[in-house]
Structure formats: structure tokens, C-alpha cells
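Peer 1: So the chains spell out like this:
Protein chains: 2
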Amino acid sequence: MAKDKGPRRPRAETPKGFRDYFGAEVTERKAMLDTIANVYHRYGFDPLETSAVETLDALGKYLPDVDRPNEGVFAWEDEAEGWLALRYDLTAPLARVAAQFRNDLPTPYRRYAMGPVWRNEKPGPGRFRQFYQCDADTVGSASVASDAEICAMLADALEEVGIPRGDYVVRVNNRKVLNGVMEVAGVLDPADPEKFAHERGIVMRAIDKLDRLGEEGVRALLGKGRKDESGDFTEGAGLSGEQAEKVMGFVNAAQIVEDELRDGPPNPDNRMPGGMGLTLDNPHERTEHAGQAWNWAVLDHLMRLVGPTEVGFQGLQELGEISDLLKAQGYGPDRIVIDPSVVRGLGYYTGPVFEAELTFEITDDKGRPRQFGSVAGGGRYDDLVKRFTGQAVPATGISIGVDRLLAALHAKGRMQADTRGPVVVTVMDRDRMADYQQMAGELRQAGIRAEVYLGNPKNFGNQLKYADKRNSPVAVIQGSDEASRGVVQLKDLFLGAKIAAEATHEEWKSQPAQSEVARADLVAEVRRLLGQG
Amino acid sequence: MAKDKGPRRPRAETPKGFRDYFGAEVTERKAMLDTIANVYHRYGFDPLETSAVETLDALGKYLPDVDRPNEGVFAWEDEAEGWLALRYDLTAPLARVAAQFRNDLPTPYRRYAMGPVWRNEKPGPGRFRQFYQCDADTVGSASVASDAEICAMLADALEEVGIPRGDYVVRVNNRKVLNGVMEVAGVLDPADPEKFAHERGIVMRAIDKLDRLGEEGVRALLGKGRKDESGDFTEGAGLSGEQAEKVMGFVNAAQIVEDELRDGPPNPDNRMPGGMGLTLDNPHERTEHAGQAWNWAVLDHLMRLVGPTEVGFQGLQELGEISDLLKAQGYGPDRIVIDPSVVRGLGYYTGPVFEAELTFEITDDKGRPRQFGSVAGGGRYDDLVKRFTGQAVPATGISIGVDRLLAALHAKGRMQADTRGPVVVTVMDRDRMADYQQMAGELRQAGIRAEVYLGNPKNFGNQLKYADKRNSPVAVIQGSDEASRGVVQLKDLFLGAKIAAEATHEEWKSQPAQSEVARADLVAEVRRLLGQG
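First to last, the sequence lines map onto chains D and W. All the letters of the first sequence, read from the start, carry residue numbers 1 to 533 under full-length UniProt numbering. All the letters of the second sequence, read from the start, carry residue numbers 1 to 533 under full-length UniProt numbering.
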């Protein structure tokens, strides 16, 4: 039956979780990428662009939600090449490049990269399956000075794209400290590191979800598991109550330290639901009440918890060094803080991990105020290159989620894109197209954005509607009468819109927004109207 | 047995046909994309960025090599979304956008887009499966003024990225004229346009391959088919000798016109192997000997061939209008010419088609001189949006192959990338890392690209080797002695390299490339060495 209607038409839609970006959305993102690239470049990083497609084998399996069936990657089997996949981040391809070109690249190899990455995850509001990352990494340096530098550079980048100091915080933790906690909680056996790997994965993902699931949700995931609102069940780590308490005590460490440093009991209004008081605090206030002592107070507290384990002790030492290096360069806890609740979902981190969070509130879809949250993350991954070569290559880096950062600046009303359209040369007489093109050509020669109306010129009103839709500042009009007299009409569309909105009928009739000028003066007069005169 | 060697390691390689771009390769491409985007923007086009992934259905099947089994697209089946694919160009996604947002976009909709596209084709030397395109299209304008504008803009863009006038030519043809030839040759029946569609596809691809296969190869494809060097057989269109002659007469039209315009017989040295004398000619010479009359002479000749068919006549009329419009704007045949041998492989073109060719010679891998060839192509595709909506929407556009254009500029030695590396602050005393970071920080504050050496600092020679590999202009050195005296050593590495290459032993010993300066003067002195003083 449907056959009678002719061939089936394809649906004019992107696949779910993908979208299009128009006009200012594109130029704003480009400007942000350029700004961040400049910061990375100034720090000595060189650009690298890898292809979107890699062998699935080279990418490895390090995505946060490894419990999902398709493991979060868009992949397909190629006749000749085997399984291929779209990159899910810019780090896995870097590890492949570092291994492939290890004899040619400088050591350390400092590179930045930017571009889209793809995740085969369930899309949601503001959650897309293609998004931009802008990364910088140092491969071949074991020094914590590399980690400290990355954190400082991240703070610089955020400020240069327009997040003022005080509106963001870079939080630093160490996977080694987390491993110390795992050991203390009995899910890591230093003599058999592979044992309990599955359980540890669940524990880490649970800690990472603290702000989404709250303390109760995390406890459920540490224990028997958790059923979400839709009825889906997520497997738990199977920890006993006592084991889980140790993990929770660690997660809440920042809170405990804060309480200790404050006089009197904590103010519940000043804290995030998950209990991570630190990151909700106004950073200025934190600087004031804790001063440079904050990071050391946190480290001191953690030492009591995980110091007895070798790996935990080492992790805390590294954090101390990072904190000292940053302090010496003037990056105090108003910008960069030690925070034990930072996990980072990706499975490849082995040492320090970083996360940049915006600390200001925005209003969500339902009108409720909420923290904007994380816009960048990274850390040390000493084993990624080893996968290929067998030789350990230390590496560390950061990834800025550019689309989220743009959304944050929009939410704060801090984007002022130039959305002004081109000068539109209207078509009064379709036989004189070459004359109109000539006018547009002269304007462009003078650096003025301009075009001839190329739709059907029959209805002149449509031409002005078009100019309006394009947010055009000026329309150029020349009928045969004007042509014979050697003049053109210029319509100041911005002034015209203002008059239409505000003027009296008398003012309107006098048409102050339209003026007749000599054809020879076209460029000079348009320039004057554009405020470039 | 392999099991004893531990877990299997992934290969550190891209899939075949993909590659990585390092340093200047990335920044050069970015600069070119920015330049082209500025031209498009000045002409009134707005940016659009679609996602890399589309439904296979939305993309449609318009690739040149439709006879290949996988039809040239990277595609996979998604559980929820059905068949998805990587875009193979930027035009098919634009058609989808124009249909999806038809009620919101201005008419005409003028957009530019840039980014990678993917083709699942056999890779070869210089032929990759991911490459960049930079497109501009006007959707919703039936006027040939849109086509003419696109050609003019293409010429402007090529000149702005560094191809001087005379080193390129934009060739224009019309699919309607081709259809006229098909009708004359008996493979197009106006009363039943679907009939012979398969044969016409083969004929068009054959014409398009003229420069690769030569006249004989094309004749084989028009007839029974062709066996290539590897023994692979390509099906032919099955035309009779008489039918094939008509097509060949058309393809050689430019040659015939040239012969007519010249005094005496053609000079065989001055012509391409395929017989398309026009495009091999020095454009200046062509201007001289044929003047503005060239395009009209070609049109006049074609009129005799295909004028009797309705579609051919209409196509020639359009070409005449385009030629006149361009001439009026000063784009003569030294930049834009009518050339009947232009086909363009993509199946969706319906009217004027364009191709930009670089006319200078380069030396190929085997040391032989050859034409560089096509770097951009486009045309009118009036039915692409109709696929989705059922309503005809006229559209035209151009796609610049940015990677090929970059290769051309490299081949001509016209790229001068800034490959200067960062100032490297060396590490003499690893306990004073914070001091070194402080120095790098001060340099960056002053806008100077700088970094601290982050490898193992034990071997100082390695630090200087690193600086050398990074093409660093200056190394900063401060041991404990210098630190106690409040000074730093600055090593001018460019001067040092020059001295090492040219100086006498006495000059070398005096170490003119190294100087001691006060720590407080670090920034000023580095700036002086960089020539920014």
C-alpha cells in the first residue's frame, strides 16, 4: 500500500545522541579551541592530529562503563583490517603514536590535540555521543613536576577562555592513595594485584558517582548492588559493612578535615548533597579560613588512613610534592586543591588524577540551582604505551571537555558572539545581476562581508525578510530609476528595526533609516553605516 | 607457544589508509582552513558543523565507485539506530540539515563547513581514507548566479591560500550538456529517463577517468570493458563504435576548438596525454590567443553537437549565462573556463559542475614531471533535499580538498611554517624544580613559548639534545653556582648550531653563543636573543 506513494523517503534526522551546530555555535567553539591551543603551545606542547578511526585493538578497553554490553565504543568489522573503531578519547591514540614513533619523537614528547571523540553511550539531555576534547599530555616524564605543570596549565587555560579565578577549582587526587584505601578495605592484595580487580572497578565507579547517586547510592554499590529508578540493577562490589565504612570514611575525608578546621559544627547549607563540602565552598572563603594549610591538612588526615600501606604512602608523598611545586609557582588552594573524592572514570590511570570543576551555580531545566560540575579531567597513565612495546613509558595529561565549557559560559551569559550577518545587495531587476554582483564584489574587496540576494527576486518583501533573518546590518537597493541616476539606496536595517520598535508614526514616515548615495560612494557609505567610517 | 611470552600486544599502527599529522602539518592545515573560511564568510556564508556519523539512509548512495562491493562507505549496524555510517562528504549531511531545518533556516541558506570525511576505498600513495574538505553551498537558489558566484569564490580562495593567478584554472561544465550527449549517443531516452541509467553511469565514470586511462582506456570502457594491469576487469557501457565516437567527439571538443582557434596544426608538446589540450595550456597563453572569445567558441562548438537536444540546449544556455556573469565581474578564462571534459564523479549533480585544477607541473615519485591536477570540485544538485521532503530544492556548491592543496603548496615549496620550538629551561639541580618552573612561568607571562625539561635530568647532554630535537632557540641553564650568584646562562642554540657548522676552533672555544645574564634580566635577555628585544 505504501508502495503507491512512491519510493520510501529517508528521515531527515541525525542518529540519536548526535546534533548539528550552526553559525555562532561553530565559531564560538573554534575560538575556544584556538585559545586553549595557544595556552598549550605557550607551555611548549606541539600539535598532533590522529585519525578518527583506529583498530579496536590499539584503543584498548578503558572506558568508564565497561559493564555495558557494547563497551561504549562505535566499532565495526572491516574485511581487510579486522575490527575498527572510532576513538573514544585522544589519549589512547596518543599512546599508539608514542609507541609507533618512539624512535623519532623527542623524549619527553609533549603534544596537544583537539577534535571530536565518540562514545556509544545512552544519550540524554546535554549528553551527546560525539563531543570535543582538547588535550595536552607529556609522554616520557616520570616527574611529578609534569603533573603539577599540567594542573597549572589547566588553571591558566580556564582563565583564558573566560572562567575567572574563584569560579573554578582544579581538584587533585592520586590513584595510589585510592589503592591504599582498597588495600585497607581488603579488596587489594599487594602480593596478587590482579585479585579483586573486578571489585575494585566497581568501587571506583561507585566513588566517582557520589555526586549523582549520593552517599546512600554509593553504599549500595559498595555492597550488594543498586536498583535505579527505571528498575535497572547495577551489580555491587559485595563489600561487607565494615569494608564499605573504610571506603566511605575516605571519600568523606575532605568533609572531616573541613569540620576540623572550622570553628564549631559545619553549616549544612554550605555543602554539596554528597557530603564533599570542599568543592562546594567558595574558594575564596576556603583560602581565607584554611590558607595554604588546607592541602597539608588533607594530606595529614589521609596519612592516618592509608599511610600504613606502601602504595598509599607513596601516593601521598607525590601529592605533597605536587602541592609544594604549585604553591611555589603561586597556584594556591584558591585554584588547585587536594581532594580525595576525585576518581576519574577511565581505567588507565596509575598515579595523580585531576579534575577541573566549575564552582558557580547555574539553573537547571527544572529551575533548580545546581553546581555546573566537571569540565576537564586527566591524570597519569604509566602503562598505556607499555601495552604496545612492553617497555614502561610514564605519561600524564589533561582533557578539557570543550562543549561543556561552552555550555557553562553560555549559562553564565559570558559569550558575546558576533552574529551580524552580511550586507545584502537586493535584486530589483534580474537582468542586472552582474551589476549587483559587482557591488557585492566591491564591498568584499574592502573587507566588508556582503552577498547578492540569490533567491527568487520577484517579491521584494521576501528579500528584506531574508536580510532580517540573516541579521544583516545594511540592504543595498538599486532599481532602474536609481541606476539611471547613478545612485543606490542604503537601508540601515538595525536602525530601521529600532525605529519600527520605538518611533512615532511621523518619525517612521520620514524614513531616517534609508538614504540615497552616489553609486561611486557605495563602499564608503556602507562602511560609515557599519561604524567603520 | 606464543603464550609463554605473556599477553599478546596490540600493534602500534593506524589501520591502512589512515595517518597521523604532526606539528607544522597540523598548524599549516589549520591556517589554510581558516583562510578559506574567511573567504567563504566574506561572501556571506555561515558556518555549519554536522556530526561525523549519520544514518546510512540519510547519506544515500552517490559515491563515484558505486561498482565496489562496500560502496565506499564505513558503515555498521547499531542495535537501536539501524545502519550508521561515517559521512563520505559534507554535501549529503547538508542536504539532511536543509530538509530537517527547512522551516527555520533562511532561504537561500548559504553555509560553509569544514572537517574530515571518510571513504572506504583502496588506499594508495597519497590517497587516504580520511581527508579534509572545506565546502561552501547555497541551498534554495535556482539562479545560475549562485553557480557563477561559487566559481568566483573558489578562484578567490585559491589565490588567498597562495596559488597565484595562472597556476590554477576553474573548469566549468554542465551535466545537462552531458545528458545531451547521452541522448545524441542513444543512451538517454527523454521519455524514459530511468532507462540506460546503468550505462550512463559507466559512460560518465569513463569520461571522468580520461586523464588516468587515456583515450584508449576510455574507449574500452565505453565499449566492451577494460582489463587493467593487475588483470581486474571493469565492465563497459556496451556502446557501439558509432555511439562511442559521439561521446569521444564531445570529450575532445576543447581540443578541436583550440585547433580551430590556432593558426596551423596543434603542437603536440603542448597538450595533455588525454587530448584535453585546454587544461594543459598556460592560461596566460590561452587568454592571449583566444581572449574573452574562448568560452564562447567552446559553447558555439558544443551547440552544433548537442544543441538539437532540449536538455543539451538548456545546459549550454546556463553555461553561457555563467560565463557572462563571471566576465562582467572580471573573472575571465585566465581563471575560469568552460570545459566539456569535466564530469565530477558524484552521482547527485544535475546542472553546472566545477573543478579547480592546478596547472603547474610537479615531479612525481619516479622523478617524472606531471600536472598536479584537481584540488576542488562541485556543482549543482537539485534533487538531494527532495529525497527527504519530496519537494524540489535547488542547490549548488563547492568542495576544496584541503590536504591535496597543502601537498601542492609543499611541492612548490610555498609553505613556510614556523617550526621554532620552545625556550628550554634545563634542570641542573632536581631539588630546585620550582625555581626552574618559575623561570618558564615568567617567560610565558611575557608571551614567550617556554618549558622546563621534564625528562630524567641526570645526563645534561640529553637535555641539550632534547632542546636540539625540539628546534629550541634558547636553553636556560642555572646550576647552584649560578643560583648563588643570582645569574643564569643563556645558550643561543641557533647561533650555536651555526658556529658548530662554520666556525674555526678558536671561535668555537670563545663560546660566543653562551652568555651569563642577571636572573632578574632573564625575560629581557631571552627576548633580545629571540629578536623581539
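I should point out that these hints are in silico values taken from the structure, not numbers from a laboratory. Keep in mind that the hints are not guaranteed to be accurate.
Straight line, CA to CA, 30 Å or less: simulated DSSO-like cross-link-like pairs of lysine-lysine [unchecked claim]: (1) LYS469/D / LYS61/W; (2) LYS458/D / LYS386/D; (3) LYS122/D / LYS61/W; (4) LYS327/W / LYS458/D; (5) LYS30/D / LYS327/W; (6) LYS386/D / LYS469/W; (7) LYS386/W / LYS16/D; (8) LYS61/D / LYS465/W; (9) LYS386/W / LYS386/D; (10) LYS30/W / LYS327/D; (11) LYS386/W / LYS465/D; (12) LYS386/D / LYS465/W; (13) LYS386/D / LYS458/W; (14) LYS327/W / LYS16/D.
Here are some chain W residues pointing at chain D (derived, C-beta under 7 Å) [to be verified]: (15) THR27; (16) GLU28; (17) GLU451.
It should be emphasised that the depicted structure is a prediction, and the values quoted were computed from it without experimental measurement. We put the CB at the ideal spot given by N, CA and C, even for glycine.
Peer 1: It remains to establish, for every hint, whether it holds in the given structure.
Peer 2: How the hints compare with the structure:
Restraint check: the Cα-Cα separation between LYS469/D and LYS61/W comes to about 33 Å, which exceeds 30 Å; the hinted pair is violated. With a C-alpha separation of about 68 Å, the suggested pairing of LYS458/D with LYS386/D is violated against the 30 Å cut-off. The hinted pair formed by LYS122/D and LYS61/W meets the criterion: a straight-line CA distance of about 29 Å does not exceed 30 Å. Distance restraint check for LYS327/W and LYS458/D: the Cα-Cα separation of roughly 25 Å lies within the 30 Å cut-off, and the hinted pair is therefore satisfied.
Restraint check for LYS30/D and LYS327/W: not satisfied, since their Cα atoms lie roughly 36 Å apart, outside the 30 Å limit. Using a Cα cut-off of 30 Å, the hinted pair LYS386/D and LYS469/W holds, with the two alpha carbons roughly 24 Å apart. With a C-alpha separation of about 23 Å, the suggested pair LYS386/W and LYS16/D falls inside the 30 Å cut-off, and the hint holds. The hinted pair formed by LYS61/D and LYS465/W fails the criterion: a straight-line CA distance of about 36 Å is larger than 30 Å.
For the given pair, LYS386/W sits about 52 Å from LYS386/D by alpha-carbon distance, which is inconsistent with the 30 Å threshold. For the proposed pair LYS30/W and LYS327/D, the alpha carbon gap of about 36 Å is over 30 Å, so the pair is violated. Straight-line distance between C-alpha atoms of LYS386/W and LYS465/D comes to about 24 Å, which keeps the hinted pair within the 30 Å bound. Proposed proximity of LYS386/D and LYS465/W is supported: the alpha carbons are some 24 Å apart, at most 30 Å.
Between LYS386/D and LYS458/W the alpha-carbon distance is near 23 Å, which keeps this suggested pair within the 30 Å criterion. Between the alpha carbons of LYS327/W and LYS16/D the distance comes to roughly 47 Å, so the proposed pair goes past 30 Å and is violated. A least Cβ separation of about 6 Å between THR27/W and chain D falls short of the 7 Å threshold, and the interface hint therefore holds. For the restraint placing GLU28/W at the interface with chain D, the shortest Cβ-Cβ distance is roughly 10 Å, beyond the 7 Å limit, so the hint is violated.
Residue-level restraint check for GLU451/W holds (minimum Cβ-Cβ distance to chain D is 3 Å; threshold 7 Å).
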